[in-house]
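Turn these sequences into a full structure, and let the hints steer you where they fit.
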Amino acid sequence: MAKHGKKYLAALAKVDRTKTYPVEEAIALAKEVNFVKFDPTVEVSFRLNVDPRHADQQIRGAMVLPHGTGRTQTVLVITQGPKEKEALDAGADFVGGKEILDKIKGGWFEFDIIVATPDMMGELGKLGKLLGPKGLMPNPKTGTVTVDVTKAINEIKKGKVVYRVDKEGNINVMIGKLSFTEEQLRENFKAIYDVILRARPAAVKGFYMKNVVLSTTMSPGIRITVD
Numbered sequence: 001m002a003k004h005g006k007k008y009l010a011a012l013a014k015v016d017r018t019k020t021y022p023v024e025e026a027i028a029l030a031k032e033v034n035f036v037k038f039d040p041t042v043e044v045s046f047r048l049n050v051d052p053r054h055a056d057q058q059i060r061g062a063m064v065l066p067h068g069t070g071r072t073q074t075v076l077v078i079t080q081g082p083k084e085k086e087a088l089d090a091g092a093d094f095v096g097g098k099e100i101l102d103k104i105k106g107g108w109f110e111f112d113i114i115v116a117t118p119d120m121m122g123e124l125g126k127l128g129k130l131l132g133p134k135g136l137m138p139n140p141k142t143g144t145v146t147v148d149v150t151k152a153i154n155e156i157k158k159g160k161v162v163y164r165v166d167k168e169g170n171i172n173v174m175i176g177k178l179s180f181t182e183e184q185l186r187e188n189f190k191a192i193y194d195v196i197l198r199a200r201p202a203a204v205k206g207f208y209m210k211n212v213v214l215s216t217t218m219s220p221g222i223r224i225t226v227d
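Position 19, counted from 1, in the sequence shown is what the numbering used here calls 19; the numbers after and before it change by one each time, with no gaps.
Hints listed in this document are in silico derivations from the structure and should not be mistaken for laboratory results.
All C-beta atoms in this analysis are idealised placements derived from N, C-alpha and C, irrespective of residue type, glycine included.
Fair warning: there could be bad hints in the mix.
[To be verified] Okay, the calculated beta carbon distance ranges per label pair:
1) 119 / 25: 49 to 55 Å
2) 25 / 54: 31 to 37 Å
3) 31 / 158: 23 to 29 Å
[Claimed, not checked] Below are the DMTMM-like pairs computed for lysine to aspartate or glutamate, each with C-alpha atoms no more than 20 Å apart in a straight line:
4) 177 / 155
5) 151 / 119
6) 158 / 43
7) 205 / 168
8) 31 / 16
9) 19 / 32
10) 141 / 194
11) 210 / 56
12) 129 / 99
And the structure:
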C-alpha cells in the first residue's frame, strides 16, 4: 500500500468516509482540505451499474461545460484542402494531413485532442494501435470526426469534455479547477451529472449510479449524495 504524507493524512481526517455529502458541501470540503500550492484539477468519478460488454450499455459522448474546464487544450486537426485554412482560422494549434500522421508514427504527441474530417479517417485509422490506447482516436459520437471543424474547435476551446464508460463501469470527468467558485463547480457538476443520468440504458435494473466521488489532484475522494 502506498504511503501518504502528513498533509494528505490531515486532509483525509477531515473527510468522513462513511457518509455522503450534498454536492455543495462536497465542493466546500474539497476546497478546505486542499494542501497543494498549485491550482488542482477537480474530477468527478461515477461508478455505474452498467455492463459495457453490451453495446447498448456503452455510455459515451461529449459536452461543453457551462464554465469550461479551466484548461487550455492543444488541438490537432487532420484534414486537407480548404479545410486546412478553416481549421487554422478557427484556432487549431496544428493542422495537416499525411505529413502530420507520419510525425505521429515517429512518436510526436504534442497535442491533447484530434479533430478529423471524415475523408481522413481511412489514413488515421491505420494509427489505431497508437492513438486508441491513449484515448486520442477521433469519434463521431464525441464530435471529433466532422466536416464542421470550426464548431468542433470552438467547443473544445470553450471547455468541452469527453466522457466514456470504462470496462469496469466507471466514468471519470474533469469539471474544472479548484480556483473556480463553488457555484461554477456546482453548475459544471450538475451539467455532467444530468447528461450521464439521462444516458441511463434501458437494460439497467435497480440502482444506476452506485457511487459518485469528487476529488482534486492529490486529495482524498469525497462521496456525493445521489438523488
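Now the hints, each set against the structure:
no., hint, result
1, 119 / 25: 49 to 55 Å, "holds (50 Å)"
2, 25 / 54: 31 to 37 Å, "holds (36 Å)"
3, 31 / 158: 23 to 29 Å, "holds (24 Å)"
4, 177 / 155, "holds (18 Å)"
5, 151 / 119, "holds (18 Å)"
6, 158 / 43, "holds (18 Å)"
7, 205 / 168, "holds (17 Å)"
8, 31 / 16, "holds (15 Å)"
9, 19 / 32, "holds (17 Å)"
10, 141 / 194, "holds (18 Å)"
11, 210 / 56, "holds (19 Å)"
12, 129 / 99, "holds (18 Å)"
Checked against the numbered hints listed earlier, the structure breaks none of them; every hint is satisfied.
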